[in-house]
Amino acid sequence: MVKNGLKVEKLNLWFADKHILKDISFSIPDKKITAVIGPSGCGKTTLLRCFNRMNDMADNLRIKGKIILDDYNIYEEKVELSSLRMKVGMVFQKPNPFPKSIYENVAFGLHIKGIKDRSKVLGIIEKSLKDAWLWEEVKDRLSSSAMELSGGQQQRLCIARALATNPEVILFDEPTSALDPQATAKIEELIVELKNSVTVVQVTHNIGQAARISDYTAFLYLGELVEFGTTEKLFTVPQDKRTEEYLEGKFG
Amino acid sequence: MKGNSVKGWQMLEERIKSLKKEIVNYASLVESMIEKSIDGLYKRQKDLLKSVIKENEDKANEMEMRIEEHCIETIAQFEPRAKNLRLIIVALKMNNDLERMADHAVNIADSASFLIELPKETFIEEILTLADETKKMLKDSIESFIEGDTKKAEEVCKRDDVVDDLQDKIIKALVINMCAEPDSLDSIDQKVHIIIIAKNLERIADLSTNICEDTIYMVEGKDIKHGN
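Protein sequences appear in the order of chains Y and C.
Throughout the first sequence, residue numbering follows the working numbering, covering 1 to 252 in sequence.
Throughout the second sequence, residue numbering follows the working numbering, covering 1 to 228 in sequence.
Here chain C stands alone, though its shape is the one from the complex (with noise of 0.2 Å):
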């Protein structure tokens, strides 16, 4: 039945559509970890932050290391080209950038657990909105990854600034508050600790405009890298 048989394309296309359910899967557990370590925060939940230092960073590892052998074999056995080539260099890339939000999200959940046992911050509400648009910003890249969608890729660039903006304002007014407070260590510890939760959520949004970069290249061929 040699018109029914499945051609190398196909399977290659069959690979690839797994290849991004993977992906999509790795990023759903990020995203999940983000706001396990933001939630568990807000809420003081201490299980909630456990579960992403215990549990979900040991999974994520799995997963980052799965998706990149299954990056390497499908270059090896498909010898992939033009746009297929750039998908999968791109997951590889994606794969990376997933891997080091995960181990942000862990950074967030380890300060998070040591301000949970102190009193209620007052910086936690600004931490929220850095925390939201961070998120939003990681979802619609891994949509524009999966739909393609350069014009979705290039609007999520553009909302960096946004997140830079907010993450200055809250290290600005922590250190103003600090040179205020200088012999209150606890507050100086406590605010140290927001800093690096904003660092880290602000380090994510970047990442995230790593993979809208790697997506307008996976589509166009373009870099725009860099100033490019």
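Excised from the complex, chain Y in its bound form (with noise of 0.2 Å):
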């Protein structure tokens, strides 16, 4: 049986009147690629942020339902958003390094976790940045401005931030989407093998990038979870017809 990584029971999302996400339930499996599809305004990204609460900061947003992760669900009141985000790390559609150098950039969440001791960072840093498959490339730069770095670099340095807090899920929202073709390739290649340590779930409009790399695909329509398995499954014989028209592009 695959573990949970993160169990959606229920969930519902209003901004003020508008219910954006309808009676959500599913479970993303751990250590495995999640990709969540659909037409523009579908709710995907609404959702994809509900993992690590980032929709906490809207205007008259109203939640319910339960998202469990580590057993504990992650809207009761207790849980603290800041270890919230370093257990569930989040890479944007744009590459979105701090104006600072590539050091700092991997060792932001290494401060605020409160971890010191030089060595250490060091040591998570070059980890992190070698995981994100960055470190060749920076290695004798890293007091270098993270904004010399090229698009593709920038968003590696990205995930290399979001890994050195030592996250059990990543979230990815459109990761690739203004990214060239050979940048895309490599961000793909590395998040199929950042699942062997952490829990992906990825928002994309790209289909062919969901069916080429993630293991499991959800399939949201007008805030419904339409259809949710396998992505061979998925892919070849969707359920609904709904999914099936929306794979052969006949909306969205």
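What the hints contain is simulated information worked out from the structure, not anything from laboratory work.
No incorrect hints appear here.
Calculated lysine-lysine pairs in the BS3-like style (CA-CA distance at most 30 Å, straight line): (1) 20(C) - 139(C); (2) 250(Y) - 152(C); (3) 93(C) - 233(Y); (4) 250(Y) - 21(C); (5) 241(Y) - 20(C); (6) 78(Y) - 32(Y).
Calculated from the model, a selection of chain C residues having no Cβ within reach of chain Y, i.e. all distances over 10 Å: (7) 29; (8) 92; (9) 99; (10) 126; (11) 139; (12) 158; (13) 177; (14) 178; (15) 183.
Each residue gets a CB set at the ideal place from its N, CA and C atoms; glycine is no exception.
Taking the hints as your guide, dock the two standalone chains into a single complex.
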């Protein structure tokens, strides 16, 4: 049996009177890549942002239901947002390194975590950059500005930054939409590699990418989870007509 | 005029339509090859058999290659998914099945060419019955694919047993016959060719059931092969 990385139970979300996510329940398997696909406005990014409570700041937000990580509901009051976000990292559509050095970018989460020992910090930075396949390209210029890196390198730096806090889950929100095909291929390969150590949830408009790299796929339409299953099955024998038509490009 | 532009999925649907048309044309050629092989045998018309061996086989090979090429191009260009993907994969497999049927038709024409040089063999009528059943199965299997009719496909699969029985009966009767006249070499030769024809017809029926099983997979995504 596949261990659950994240369990979503009857999740409903409203922005003011707009019902964005409707009664969503499914389990995201541990150490696998789960893609969330669906047409624009179906709620997939909103769902992704629920996993580390990034929606909390929005006005007029109302959430019902649970998201279970490590046997507790992340929406319980006692949950500290900073420690939740250490456990559930996020990489965004556009690479968003801080306008600081490469070193400081990766060390950022470690400072928040209170890790001050310089050799320890250096060790984690090296490991994170290696795990994000960036080390060889930047090891001689850790103090250079992150802004000098190419788009693909910046995105890998953001992945290294997320990895540094040793997360259980990394959320990717369209991580390659701003990258060229070569940089995209590298990030895809990297994500596949990452699932050896973390659970990956990825929102993508790129259906081909979801088919290539994800183990499981969830199809969202108008805020409803229409179908969830292994990527092989969903892409070859979808059970719902709406999934079939979306995959065939008839809407979206 | 963005509103009138052809969308990607429409382009794929057009491609699939023309692929289906090519498959139907190919199946028609194979049907006519079987028809001519059996007619040539029954009516003892050498020219019919010759046209299967000399002309139709090359045409069939050429059509197979073209359809395969079109399937591969469609996958590369359109990255079909879900039902469209299943359809293209099934078209590729059918293409292969049809090519093998064409080979069986050529085998039948070869044996028939030998048989028509000899006095009329008594088992020709049974072969005709077997050929009729086989041709019907092929025709219905192609129709089930074109119409996406899984009921018809299931019904064709069931008819495979009828063809198997007919073939068994023919072979059994021929073997008994051969045992009764073990010294008549000409007659044994003749009967072996009748067995070859029966065997090839049975293979064509078998390949028709493959097409039906694939049709069920194409429509429902259900694999019913090997007792699944």
